[in-house]
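Chains as they are written, first to last, in the numbering used here: chain C, 1 to 613; chain V, 614 to 782.
Hints should not be assumed to be uniformly reliable.
[What the hints assert, rightly or not] Simulated pairs of lysine to any residue, SDA-like, Cα-Cα distance not exceeding 20 Å:
#, chain 1, residue 1, chain 2, residue 2
1, V, K775, C, Q52
2, C, K489, C, A596
3, V, K774, C, E63
4, V, K774, C, D571
5, C, K489, C, S505
6, V, K774, C, L29
7, V, K774, C, M62
[Said to hold, decoys possible] Listed next, the stretches of chain C that the computed footprint assigns to chain V, with coverage defined by at least 3 CB atoms under 8 Å from CB atoms of chain V:
#, stretch
8, 45-56
9, 134-140
10, 229-242
11, 544-555
[To be verified] Negatives, chain V to chain C, calculated, CB over 12 Å:
#, residue
12, I670
13, E671
14, V673
15, R674
16, Q737
What the hints contain is simulated information worked out from the structure, not anything from laboratory work. Where is the CB? At the ideal position from N, CA and C, for every residue including glycine.
What follows is the residue order along each chain.
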Amino acid sequence: MNSKRLRQLLNNLGHPSGTDLLMYTDGELTARKARQIQKHLHACWRCRVELQRIGQAIEEFMECRNAEAGQSPPLRGWSQFSRLLRSAGAEQEDARPFLSGFGRRPRLRFAAAGAMAVAVVLLWVHLRSIPTVSASTLLDRAVNAEIQTARGMSGDVVYQRIAFRRKPSSRLAGQAGEVEAWSDLDLSRYRQRSSAPAWPELEHVLQRNHMGGRRLLSAAAFSQWRNSLTRRQESVYSTKLADGSEALALRTVASEAPQPDSILEASLIVHAGDWRAVQQDLRVQGESDIWEYELSEINYAVIPRSSLDASIFGTPPPTLPPLPTTVPAPALISRSEKESMPIESEIQALYALHQVRACLGDDVQVTRSVAGQVIVRGVVETQQRKEQLQAVLQPVHGVKVQIETIAESQSAAVPAAPASTVELPGKVSIAERHAAPIQDALKGRLSANRIVALSYRAVSLSEDWVAEAWALRHLAEAVSAEDLANLTKSSQEMLAEMVRDHTASLRAKVSECRTEFEPYLSNEAFDLEPEAREVDWPGSARQVFAAATNAADLARSLCAGPGPLNAPPTDAIRNLVASLRDTESDATHLETAIAALLESRAEAVQAKSTKNK
Amino acid sequence: MDEFSELEQVVNEAFVTLRDPIYRYVFAAVGNPGDAEDLAQEAFIRLFRDLRKGHTIENVRAWLFRVAHNLVIDFIRRSPVPERFEGPAYERVTEEVPDPSPNAEQQIVGEASRQRLLRHLTLQERRCMELRAEGLRYREIAEVLSLRIPTVQSTLGRAIKKIVRQTHE
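Take these sequences, add in the hints, and give me the full structure.
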């Protein structure tokens, strides 16, 4: 008789577990097991009481969440959904499947295309008077327009002339002036000039609120301020510019306690034709009253660098020295293999970043625009790191690199961001906490110093494995199952290598943490029987992410939580160890899954070529 | 009715039926009605786009929860604020929720006891409970959260055990 059968027999002799009773309540058991429990419940008072307690717990939970959600209905009562849906319907890039329904009959396709064009024009005429985008979409499009402009420039400089004005307030008289800015993106040079006395004050406000630096009247700068808010209310509306042209405006109101010089409310107005930001209004908390500013574009021009007055930037910067040779050469990056496909370029870019470990913690994202352009953008700490990333990405064809240093993204004069006072998820300060649950759990078994050292190690390991898990999740998001099936061989190898690296590192960290805690459990039995699981990409990578973040959550609660524990200390350690085991098992499965998928694909390709021969 | 209008109608019907459950799940995670509304709406817009691409979705409800869950994760990742389910942040955000009731004192006591109850759940336990509360089967919860079914079973079991312990303290 095997051990599984023995265990089943033993289980039948005792009481059903709490999980079994919950599954019985939820109708999640097999019919046979449900009958067994039903029979047991007829005979057992203790389990009937336990079942009743489970019912009460569910009731409690439902009351809590209903009370919580009932207090906060949707802010705008779903009023924007119809517009958003219409806007999604008007997007052109997804219209192909509709046309593809006409098969290979050109006349029908042309007729359908013509009818659609008329419909789109009519729809546009109908929608032009009303805003059809959400706040996020408006900003995304405006930021994208800025990126497109930057991408199209080579040897050119952007010139902006902006009028600004401070409206008179109860204590201050109104003031007005102009500011000029030249931005040479190729050479990373920027110059700003204003002789207006009110400019330093406004510049300080912009910098204080993450809108400063090398960007005036910029959707990206507006977005940065918006993202710094913890609570906000927003509206989008259509408006007209002074010249009568159509525009869309986004109004964002900060719902936070006002600080001196903080922006309470800001509006960004973008040109409806090209999504370019042309006006910005700000309401700022002054010392004792509210200041209102208006910035509006007077002139915007792209000037050839050669025709620019040399005094604007002064001497051009010296050529950057060559990079240290420690940057690994992207040997597997081949320009010959379908380099025009964005997914290939994206994988090459991800692989290049992987080689210098930028996928673990650096604020760098690889995205594909609607037009299929691969963009690598991010903010890094030092100029050296920026140059290193630029160097590894340089050989990758078809990728636009937009990486800046922190100093470039925020002016040096900006005070520390308020985010520094917020405890970010994933970062836990153990030093400030005095009674972490682990101290109860291991009291008497380890010295206080040893417990602290163990806590630090566990939290540090959890941060490391979560970083690996995020990297896997990003890969899962970048490469869909469909993409995977169509990848070239070299891209497959790159993807497999990245997955292997991350899973191996993740397993090593998780395993180290598990071996630290396992000795404190006596004779714990874990279900080691592997269950049959599907070979699935990207599902398996997402599973690893979910398991890894859960394990990290448990590790942080145990080692750096507010404590004390409500459960017996060994329960918390057992849950953590079980969760670490799950994570290791999921990571192993992912490694097997990606290898099996790529192998089966290689076989399919080989079979196809044999058949063709 | 043409293909597009029909699709729009289908998504609208799904929206009317499922917007409240999706909103409750998202709100429980982000704690801000404005953001929760945006993210919930975005999930339905993605449903529309996916259907228009000709994709087949067998279980619309689970699909929407999964998309909403991923949107929440991305939102939390971008946001400087920790996810609301976590202890200290959860307390802070709930304190900011306005209380319109005239019997405020009683409400505050009830709110504090609710906070205590939910604070003891881990992130994963709270997510599983929220989804179960919306009527998702264990298999669907596993699909939404990218977990294995036994993990969902044990997570829910642990969560209920904690609540039982809390309510009988």
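Right, here's what the structure says about each hint:
{"no.": "1", "hint": "V/K775 - C/Q52", "result": "holds (15 Å)"}
{"no.": "2", "hint": "C/K489 - C/A596", "result": "holds (14 Å)"}
{"no.": "3", "hint": "V/K774 - C/E63", "result": "holds (17 Å)"}
{"no.": "4", "hint": "V/K774 - C/D571", "result": "holds (11 Å)"}
{"no.": "5", "hint": "C/K489 - C/S505", "result": "violated (24 Å)"}
{"no.": "6", "hint": "V/K774 - C/L29", "result": "holds (19 Å)"}
{"no.": "7", "hint": "V/K774 - C/M62", "result": "holds (15 Å)"}
{"no.": "8", "hint": "45-56", "result": "holds (count 3)"}
{"no.": "9", "hint": "134-140", "result": "holds (count 3)"}
{"no.": "10", "hint": "229-242", "result": "holds (count 5)"}
{"no.": "11", "hint": "544-555", "result": "holds (count 7)"}
{"no.": "12", "hint": "I670", "result": "holds (15 Å)"}
{"no.": "13", "hint": "E671", "result": "holds (15 Å)"}
{"no.": "14", "hint": "V673", "result": "holds (16 Å)"}
{"no.": "15", "hint": "R674", "result": "holds (17 Å)"}
{"no.": "16", "hint": "Q737", "result": "violated (4 Å)"}
Checked against the numbered hints given earlier, this structure breaks hints 5 and 16; the rest are met.
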